[in-house]
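Q: Protein chains in written order, with the numbering used here: chain A, 259 to 668; chain B, 234 to 541.
Hints are computed from structural coordinates only; laboratory data are not their basis.
These numbers come from a predicted model, not from an experiment.
Please note that a few of the clues may not be correct.
[Said to hold, decoys possible] Distance condition first, Cα-Cα at most 35 Å in a straight line; then the derived DSBU-like pairs of lysine-lysine:
no.: 1; chain 1: B; residue 1: K418; chain 2: A; residue 2: K614
no.: 2; chain 1: A; residue 1: K299; chain 2: B; residue 2: K418
no.: 3; chain 1: B; residue 1: K418; chain 2: A; residue 2: K481
no.: 4; chain 1: A; residue 1: K350; chain 2: A; residue 2: K492
no.: 5; chain 1: A; residue 1: K350; chain 2: A; residue 2: K571
no.: 6; chain 1: A; residue 1: K614; chain 2: A; residue 2: K479
no.: 7; chain 1: A; residue 1: K614; chain 2: A; residue 2: K456
no.: 8; chain 1: A; residue 1: K479; chain 2: B; residue 2: K418
no.: 9; chain 1: A; residue 1: K571; chain 2: B; residue 2: K418
no.: 10; chain 1: A; residue 1: K479; chain 2: A; residue 2: K492
no.: 11; chain 1: A; residue 1: K456; chain 2: A; residue 2: K269
no.: 12; chain 1: A; residue 1: K269; chain 2: A; residue 2: K299
no.: 13; chain 1: A; residue 1: K614; chain 2: A; residue 2: K350
no.: 14; chain 1: A; residue 1: K571; chain 2: A; residue 2: K269
no.: 15; chain 1: A; residue 1: K481; chain 2: A; residue 2: K350
no.: 16; chain 1: A; residue 1: K403; chain 2: A; residue 2: K492
no.: 17; chain 1: A; residue 1: K350; chain 2: A; residue 2: K456
no.: 18; chain 1: A; residue 1: K492; chain 2: A; residue 2: K614
no.: 19; chain 1: B; residue 1: K340; chain 2: A; residue 2: K269
no.: 20; chain 1: B; residue 1: K340; chain 2: A; residue 2: K403
no.: 21; chain 1: A; residue 1: K492; chain 2: B; residue 2: K418
no.: 22; chain 1: B; residue 1: K418; chain 2: B; residue 2: K340
no.: 23; chain 1: A; residue 1: K350; chain 2: A; residue 2: K479
no.: 24; chain 1: A; residue 1: K492; chain 2: A; residue 2: K481
The primary structure of each chain is shown beneath.
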Amino acid sequence: MKSGFTLYTRKELISLLILAALIFLVFPAVLDVFRLNLVGKYLTYAFVAVGLVLCWGYGGILSLGQGLFFGLGGYGMAMFLKLEASTPEATKIQSTPGIPDFMDWNQLTALPGFWQPFHSFPLTLVLMIAVPTAFAWLIGVAMFKRRVGGVYFAIITQALAAILTVLIIGQQGYTGGVNGITDLRTLLGWDIRTDSAKFILYFVNGGLLMAALVACQFVRKSKVGRLLVAMRDKEDRVRFSGYDVANFKIFIFCFAAALCAIGGAMFTLQVGFMSPSFVGIVPSIEMVIFCAVGGRLSLFGAVYGALLVNWAKTSLSESFPELWLFAMGGLFIAVVLAFPNGLAGVYDSVASRIGKRRAAAPEGAPDAPPAPSDLAVPAAAAHRQPAAAAKDDEERLLLGGDRFLGKPAS
Amino acid sequence: MFDSYSASELGAIFAMQGFAGLSLFSVFVLMALGLAIIFGQMGVINMAHGEFMILGAYVTYLCSHLVENYAPGLFGVYFFGAMILAFLASGALGMLVEWALIRHLYKRPLDTLLATWGLSLILQQLYRSVFGAREVGVTLPDWLMGSFNLTDMIEVPINGVFVMGLTILITLGVYLMMFRSSWGKQVRAVVQNRTMAGAVGINTEMTDRLTFGIGCGIAGVAGAAFTMIGSTGPTAGQLYIVDTFLVVVFGGAASLLGTIASAFTISQAQSTLEFFLSGSMAKVFTLLTVVGILMLRPQGLFSLKVRK
Numbered sequence: 259m260k261s262g263f264t265l266y267t268r269k270e271l272i273s274l275l276i277l278a279a280l281i282f283l284v285f286p287a288v289l290d291v292f293r294l295n296l297v298g299k300y301l302t303y304a305f306v307a308v309g310l311v312l313c314w315g316y317g318g319i320l321s322l323g324q325g326l327f328f329g330l331g332g333y334g335m336a337m338f339l340k341l342e343a344s345t346p347e348a349t350k351i352q353s354t355p356g357i358p359d360f361m362d363w364n365q366l367t368a369l370p371g372f373w374q375p376f377h378s379f380p381l382t383l384v385l386m387i388a389v390p391t392a393f394a395w396l397i398g399v400a401m402f403k404r405r406v407g408g409v410y411f412a413i414i415t416q417a418l419a420a421i422l423t424v425l426i427i428g429q430q431g432y433t434g435g436v437n438g439i440t441d442l443r444t445l446l447g448w449d450i451r452t453d454s455a456k457f458i459l460y461f462v463n464g465g466l467l468m469a470a471l472v473a474c475q476f477v478r479k480s481k482v483g484r485l486l487v488a489m490r491d492k493e494d495r496v497r498f499s500g501y502d503v504a505n506f507k508i509f510i511f512c513f514a515a516a517l518c519a520i521g522g523a524m525f526t527l528q529v530g531f532m533s534p535s536f537v538g539i540v541p542s543i544e545m546v547i548f549c550a551v552g553g554r555l556s557l558f559g560a561v562y563g564a565l566l567v568n569w570a571k572t573s574l575s576e577s578f579p580e581l582w583l584f585a586m587g588g589l590f591i592a593v594v595l596a597f598p599n600g601l602a603g604v605y606d607s608v609a610s611r612i613g614k615r616r617a618a619a620p621e622g623a624p625d626a627p628p629a630p631s632d633l634a635v636p637a638a639a640a641h642r643q644p645a646a647a648a649k650d651d652e653e654r655l656l657l658g659g660d661r662f663l664g665k666p667a668s
Numbered sequence: 234m235f236d237s238y239s240a241s242e243l244g245a246i247f248a249m250q251g252f253a254g255l256s257l258f259s260v261f262v263l264m265a266l267g268l269a270i271i272f273g274q275m276g277v278i279n280m281a282h283g284e285f286m287i288l289g290a291y292v293t294y295l296c297s298h299l300v301e302n303y304a305p306g307l308f309g310v311y312f313f314g315a316m317i318l319a320f321l322a323s324g325a326l327g328m329l330v331e332w333a334l335i336r337h338l339y340k341r342p343l344d345t346l347l348a349t350w351g352l353s354l355i356l357q358q359l360y361r362s363v364f365g366a367r368e369v370g371v372t373l374p375d376w377l378m379g380s381f382n383l384t385d386m387i388e389v390p391i392n393g394v395f396v397m398g399l400t401i402l403i404t405l406g407v408y409l410m411m412f413r414s415s416w417g418k419q420v421r422a423v424v425q426n427r428t429m430a431g432a433v434g435i436n437t438e439m440t441d442r443l444t445f446g447i448g449c450g451i452a453g454v455a456g457a458a459f460t461m462i463g464s465t466g467p468t469a470g471q472l473y474i475v476d477t478f479l480v481v482v483f484g485g486a487a488s489l490l491g492t493i494a495s496a497f498t499i500s501q502a503q504s505t506l507e508f509f510l511s512g513s514m515a516k517v518f519t520l521l522t523v524v525g526i527l528m529l530r531p532q533g534l535f536s537l538k539v540r541k
């Protein structure tokens, strides 16, 4: 990792700083706590979307079961918070004090064994991420080692997400059923329902997201990232070069699952409950659309995609609930047909057109017209050195540009 | 778990649950047949398949209303007309969708999944706006009501038997179309080698469109049959889509026999387990087993041996 390795090009660094400024300065400055909390909730989906960029965009592995990992992470955190809220004093009206209320309603008289570890916070933190990752590893080993991929992988992960939902809803006494785990109050004695707590959690969430973005960028730029792209485009050649393709796929799938789990846990903390409606098929596919709208090859794009789609969902379903599904459906079709690289692709092509125009102009005017972009994509990053632009083109070539879309992932 | 039942009771339970399983089997087979054609033959993941089915169900519902109000004399036989209309409506919509959407995505199977999911959302909301969010049911003609009493413990509902007969007929029809007609030959040729099929003069585009249309049409017929044993709501299609995909994949895509065998296995396992466990646990166990088997044998139960 000497001179050849730069984690961020200048342009990417600017994008990162703009995103950070947006999350840490602009949103807290202009939004009230309620809206900020909503944005925080959207940003937890960004963890999933960013994971999908690596897994799907770069690795070519489309998982329709990310809700599974999101849910497992979220449930892990929710179980800890629920146990903390269910002290014997707080639950003394129950027939069995000291266990969560829904267990009491379902005639359970003792805490089930798999809840026991969630009494301890450090253990919760470990399990919250380890359990989903282990699940992902299991799925990955079973599927990728047998060279199952593409469509089959998508269908099976989807089925697994469906199974977990049915299981959670069916085992009401152990999981809280269809209502999920609700009425969460404190984290280690700290009330998470107050405005100040929401404010702090928002920043913690933002910080974690930034860390996740840097980690993803590291993976993307490392040898693993390059191999992923190679595998996606010509799996056999990578295999013939002596690499064990399955291991890289398993790694990236587990990595994405761990990100989902963190997102899920932060979701529980900020929203204050966890329910099966964030686990099943519908949310899992929605998570894919966040990534697709933002751009499946762009880490930043995925964050903006998660923000935009969720914002549209909230505001549309607040005012026109009927229209929302039409809009969402239309969005799916439009993204797939017209913008396979999402917002980031649109932005890139606009930016490179401007870049070319500037390069062609005889004297490079220092203040060229800004990118005509109302898409919440950092417009300032449109100005860049020709050299940097050339480097970007090179990178796009490396990624195979649009060509990769012509290849099924299997 | 068998202790509390006597042998004859157990026999009756298995027979009745087996029969309930056969009803589920009929729905699975009808839905999976269309999907097996579209997914198995064309490689397109049609997530809106359930909505095509529901379209057929709504067409049947409309027919039953119209006939009941305007031509009550024909009520005994309206179902057959409704079935044909359901086939035509879903088939026509399918061909339209193929033309507008799917044909641009043949080289990107994963993207068909997202696009058709979008389509399914739009169709669901459309149904909800037109027919309301409530589930609707059709009135059955008299001759479909009631049940046969085989023994004093075993009862078999007539509508279930009817749907099953229908399933067998449709399956036979699909088999004849795929393996005995020139269209079927063209479809299989296009699937195996598109370029070569085009070179020998098969209109591959038209074949694709027709295949997709017929697959969707069969889903429509499935919807019509579905109204005989259950009520229809805007989101009913989504309930079955994952199960149906598992059925197709488990059977081995591109194998009709496999699809039927896997539909039979899954539906029987689920409905027999349902009696002893809760409904949700029965489903969890069945699906987990299927997923487990698929992980060990990704190509499914029956697989075509094709050199790739």
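Q: Decide, hint by hint, whether the structure agrees.
A: Hints versus structure:
1. K418(B) <-> K614(A): Violated, at roughly 52 Å.
2. K299(A) <-> K418(B): violated, 53 Å
3. K418(B) <-> K481(A): Judged against 35 Å, a Cα distance of about 47 Å means the pair is violated.
4. K350(A) <-> K492(A): violated, 62 Å
5. K350(A) <-> K571(A): violated, 41 Å
6. K614(A) <-> K479(A): holds, 26 Å
7. K614(A) <-> K456(A): violated, 45 Å
8. K479(A) <-> K418(B): Roughly 49 Å between the alpha carbons, so the hint for K479(A) and K418(B) is violated.
9. K571(A) <-> K418(B): Answer violated: K571(A) to K418(B) is near 46 Å, above 35 Å.
10. K479(A) <-> K492(A): holds, 19 Å
11. K456(A) <-> K269(A): Distance of about 32 Å is within 35 Å: holds.
12. K269(A) <-> K299(A): Judged against 35 Å, a Cα distance of about 28 Å means the pair holds.
13. K614(A) <-> K350(A): It is violated: about 71 Å lies between the C-alpha atoms, which goes past 35 Å.
14. K571(A) <-> K269(A): Holds, at roughly 30 Å.
15. K481(A) <-> K350(A): violated, 57 Å
16. K403(A) <-> K492(A): holds, 17 Å
17. K350(A) <-> K456(A): holds, 29 Å
18. K492(A) <-> K614(A): Roughly 31 Å separates the two Cα atoms, so the pair holds.
19. K340(B) <-> K269(A): holds, 33 Å
20. K340(B) <-> K403(A): holds, 25 Å
21. K492(A) <-> K418(B): Distance of about 32 Å is within 35 Å: holds.
22. K418(B) <-> K340(B): The given pair, whose Cα atoms are some 22 Å apart, holds under the 35 Å limit.
23. K350(A) <-> K479(A): violated, 55 Å
24. K492(A) <-> K481(A): Holds. K492(A) to K481(A) sits at ~16 Å (cutoff 35 Å).
Comparing the model with each numbered hint stated earlier shows that hints 1, 2, 3, 4, 5, 7, 8, 9, 13, 15 and 23 do not hold.
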